[in-house]
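Enquirer: Okay, here's what each chain looks like letter by letter:
There are 2 protein chains.
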Amino acid sequence: MHSEPQLMPWPRQVAVAGGAVRVARGDVTWLGTDSPRLLAEVDRLQPQLPALSIDCATAAPAYPQLGDEEGYRLDVDAKGAVRLVAPTEWGVLRGLATLVQLGRPGAQDIELPVAVIEDAPRFPWRGLMVDVARHFMPIDTLHRTLEAMAFVKLNVLHLHLTDDQGFRFPSSAYPKLPEIGGRGEFYRIPELEGLVARAAGLGIRVIPEIDVPGHVTSWLTAYPEFASRDTPLQPSERFGVHEAALDPANEFLYPALETLFREVAAIFPDAFLHIGGDEVEGSWWRDSLPIRRFMNKQAIPDNAGLHAHFNQRLSKQLRWLRRRVIAWDEVIDSSLSDRVVIQSWRGARSRDRALQQGFDCVFSAGYYLDLFYPADIHYGFDPEATSEALDATERALIEDPRLTHVRKGLQWSRRFAEKTRNGAPPRGRDPGRVLGGEACIWTELVTDELLDQRIWSRLPAIAERLWSAADVTDCDDMYRRLETVAGRLSDVSGVDLASFQRKALARLGIDPVWTPLLDVLEPVKWYARLLGEAALAARVDGHELAEGRPYTTTTPLDRLVDVLPPENLRGRAINRQLDSGELRSGEFRSGTMDSWAELARTWQDLPAGELAPAELGPLAERLRALGVLLEKLSGGSVPEDARATLEAASGTHAELYIVVLPTLQRLVDALNA
Amino acid sequence: MHSEPQLMPWPRQVAVAGGAVRVARGDVTWLGTDSPRLLAEVDRLQPQLPALSIDCATAAPAYPQLGDEEGYRLDVDAKGAVRLVAPTEWGVLRGLATLVQLGRPGAQDIELPVAVIEDAPRFPWRGLMVDVARHFMPIDTLHRTLEAMAFVKLNVLHLHLTDDQGFRFPSSAYPKLPEIGGRGEFYRIPELEGLVARAAGLGIRVIPEIDVPGHVTSWLTAYPEFASRDTPLQPSERFGVHEAALDPANEFLYPALETLFREVAAIFPDAFLHIGGDEVEGSWWRDSLPIRRFMNKQAIPDNAGLHAHFNQRLSKQLRWLRRRVIAWDEVIDSSLSDRVVIQSWRGARSRDRALQQGFDCVFSAGYYLDLFYPADIHYGFDPEATSEALDATERALIEDPRLTHVRKGLQWSRRFAEKTRNGAPPRGRDPGRVLGGEACIWTELVTDELLDQRIWSRLPAIAERLWSAADVTDCDDMYRRLETVAGRLSDVSGVDLASFQRKALARLGIDPVWTPLLDVLEPVKWYARLLGEAALAARVDGHELAEGRPYTTTTPLDRLVDVLPPENLRGRAINRQLDSGELRSGEFRSGTMDSWAELARTWQDLPAGELAPAELGPLAERLRALGVLLEKLSGGSVPEDARATLEAASGTHAELYIVVLPTLQRLVDALNA
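Residue numbers (my numbering), protein chains in the order written: chain A, 240 to 912; chain B, 240 to 912.
Please keep in mind that the hints were generated in silico from the structure rather than gathered at the bench. For clarity, every value in this text was computed on a predicted model and none was experimentally measured. Worth double-checking, as some hints may not be accurate.
If chains are identical, the list can't say which one is meant, so a pair holds when it fits in one copy or spans any two.
Cross-link-like lysine-lysine pairs, in silico, DSSO-like; alpha carbons within 30 Å at most [to be verified]:
| id | residue 1 | residue 2 |
| --- | --- | --- |
| 1 | LYS415 | LYS555 |
| 2 | LYS536 | LYS415 |
| 3 | LYS555 | LYS536 |
| 4 | LYS658 | LYS647 |
| 5 | LYS658 | LYS536 |
Make a model of the complete structure from these sequences and hints.
Expert: Here is the structure:
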């Protein structure tokens, strides 16, 4: 297996002959179209590319669109002839990414396996949503994100441009939206135009989201007239669902939104506009007398109906822009045109609610990168799995030993998803299709600096789920390739995870002696960090605490938990060693186990004035105790205090937890049995 | 002179050889383009046309536009060969109108003078504005108006679609505007599309006007949210300036107006949209606290500044529609883009205010057909006359003996025009150009049935002013041709003034015996009817009476004053006879004078139960007295009671006055001298 090419996403067909060739870098022989786009891309990737011929049948239009042909055939023969054939420029771009992954660049040449690869994507919509509202992401960050996306064949960058905490789109019709609502942190028009152009050069669509009618606190600080009540507001710094909502009964709202969306459409050429539509809290609507009168007059029974009215009315107004609308699954309603695409997020079942009502669907329910989940969890969500299989995948999270510390939260999530309903029963429409999926990174706890690691630690796995065949499901194989591919991102983009980690730890004063501890730490999962204990307890208890959360937009994100990767691949390796009985091997004992025993001493010996974060001490002590336990377990007996030791090491500390704990628990259980 | 062709507007060059030919009707020989438009027009005019050849160089686009080439050359040779040559279809259409006017259709053939005519218009913008808001004009009425317009080479039909009393545009975004604001009397989309298509077939542009921000009472009955105050309104039935105004401080108003104007633009393809802008009364703005706050914040000093803000903001919003804006002269302000065209109406000087500030201008100040003026008055206003000459023309109205009965009103008008000012002094722009002019028919006192007569009695004279050379100014010649051309309208359109008059008088129970009286009656001039005595007295006194006017939208317009032509050409002829000393001719005495003497008797002998209107009696008695006076004057002596007789006959009765009175006064004065 290891000798197989480290490709991700895995292609449709890979035939390797067994041999390898070394091919010098060199010019491209253009057998077909040599568009400026392709010339630029070949030039950019030049250090990673062997001499090759490219046979591209047709030049592509200026911008990619949904459903573009992206297939290609890549052929490396035993004589070192490399040939890439594709019907479109998009296919060539995808083939070039594969070729870079296929090669091992040396000083003089590129080593390549002799291989024939035929490839094409499973889904036409393979996206990443970046929330640039909660924390603003400078345009350069998005540029390097695009380049890394191209490397794993993602083709949609969805920008969540507005939210309660910030408005990042440079409206000139409503200039106070970015200036006041965005506190001056917003994109400039040429920046966005440049981003769209760069994305098109990489075969990536850019879809802008202006989230309405909820998530608009930032708007209302700038233009209270958008609101259904006259409350003066400050731009919000807190997280969680806000009450602010646009006034759907104001007939003038819709042309105004058209004006705004038209400015958006003038900059983003993609055929889709995202209108958000999630988490409309509803109390402003319930409390407004004019709105209740309006609902009465229009025979609108409830807030869901009012939201449906809003969506219908807005869609009608936006038809002048000649775009298709995409929105979060809250908007599902039989009154809505079936040209609207639903982005499914409130549990995997929302996919079926969308499809049954005739809406095409983009699946995101399993792909929230802000939950700090391991890659295999996301990888397990197949956008086209049967309802039962999806449901089982979701249910399995609750039993996942790695998520024990957030089990109550996961149970709540499941109840939340079960309670969600969307409007009337399906009418006689053909069911919708699954267009693909989108990973989402909500940035309450993500700054510009932290973004790369939060995305790229897991995103290649989701990219594979969306591109590769449904039966590509071997997790070990996926992780092996993920590690390689994530490591190579720095060859083709500004994303350099290793360098980030090195610098971030150094800044925290954590020197390499702590590596054994860092190897087994991960941030807590799900929304545990975001909610904090009080808000989590309240939520599980059935209500929300608006003000009791530990983080706001101004909380510094510079602790150990912020800089550690969401998933620790070294910890995963140790778990696998333990599971496969390496506990007794000398190498494991002298390596891992001894290092754990050292840790507490290291902490105690720490010279006064050292900068190492305080949270290291207690965690080191826990790990030391686990090392002692392990020592005893390796002798084949379970010590009396095993349960107590495990108990003491469990639970989270400083929003971190020790990832080997569930495995040790399993070992103890097995030996006890 | 009489033998000259009865053409109107008079062409640029007419060379008549003196002879005439009779040419059979027959097919057209197409030497150039034979577009569907031309084929249809030739077919329609067929009974009026001789066999001819048409040499049209190029096919025109679907719709005419400002500045289209409209020249042509028409050649009738001594052998009866008729040839029409034009570079464009528009020129062919104009040439066909000339050819119809040139010919005298007989049973078998058409008699034509041998002639060479070379022609082209002086101004590219030659329009008629019809107010379809005060009284709704069904679409058929507009169709026959178009056909008659083509006959005198007018090329713009401007529809004043909205006003306080009615909203006639079928908005689907704001359906209550026509339904409630128009009380259900509005055009259907296919009707408007058909009208635009028909107009294009005749080389006529159709310009829609949606009048904002004043004149919107009808809107606010349907959508109070457009207003700056929350006053529930009824659609207005009264006339005069209303207080209702849109709320310029509502940022949402502008996108909403764009939505409305976009619907308008979707139906009217012309490059211009008329946004009204006249007579913003201002008290609603002054009285609104939020508006005053807004003005304060924006440093807008007064209502004029606020109107300028509104126009600027609206123009900016409408730029998406890619149309040019035209508006009434109130909008002149240096802050406004000089792409806006100004329609000058508040006195002839408004033309120069527009030009000096760099705006192109459409001149209407001299062309208000609702003032019941004689044709020569309109004819005297040259859109490109010097400021001094225009001013003199306007001032001369006050001294015009035919307008003595409204002298105070005219003096007020002049003060009104002198008080009008427009914004800041000119900035460094090139002066604007005069594009042409538009006759306007405001329809407070005009129903569908009355429209033709109110327009066509004088409009051909204005059409000539706009098409023909500036030195075509002979009024007697104009009147001679006007009478002929107006009489021939029924040959080429549904406009049939003679038939209307006959039927209208019959319906009033007025039989031909009354002709001598009717021959010397005219409706009172200026706004005398509209204001009534109380409101006129108040106005002259410096204030307006909102409620004291004699007419509303529901007042029946079925009295003698309504059906008599605004200008009485027969009365004009009698005046000329009197002026030229025909007083002593036997024919005049046995004809005109005797008939006057008969009138009072006719009235007294009227059988009980006759339907003839009561106003005939007193007028007949006055005329009889004038007949007696005339009898004496014809003897060369001025009777003692001359002054008393004239005094008794002067003044208006039932909104009518006797048009020979000023002439008799002059005769008496001359004999007394």
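Enquirer: Are the hints correct? Go through all of them and say.
Expert: Now for the hints, and whether the structure bears them out:
1. In this assembly of identical chains, the alpha carbons of LYS415 and LYS555 lie at most 30 Å apart whether taken from the same copy (26 Å) or from different copies (17 Å).
2. Taking identical chains as interchangeable, the C-alpha atoms of LYS536 and LYS415 lie at most 30 Å apart only when they sit on different chains, with a minimum of 15 Å there against 34 Å within one chain.
3. For a Cα distance limit of 30 Å, the shortest separation of LYS555 from LYS536 inside one copy, 20 Å, qualifies, whereas the shortest one across copies, 35 Å, does not.
4. In this assembly of identical chains, the alpha carbons of LYS658 and LYS647 lie at most 30 Å apart only when taken from the same copy (17 Å versus 79 Å across copies).
5. Taking the closest pair of Cα atoms, LYS658 and LYS536 come within 30 Å of each other only inside a single copy of the chain (29 Å); across copies the shortest separation is 48 Å, beyond that limit.
Every hint, counting from the list given before, is met by this structure.
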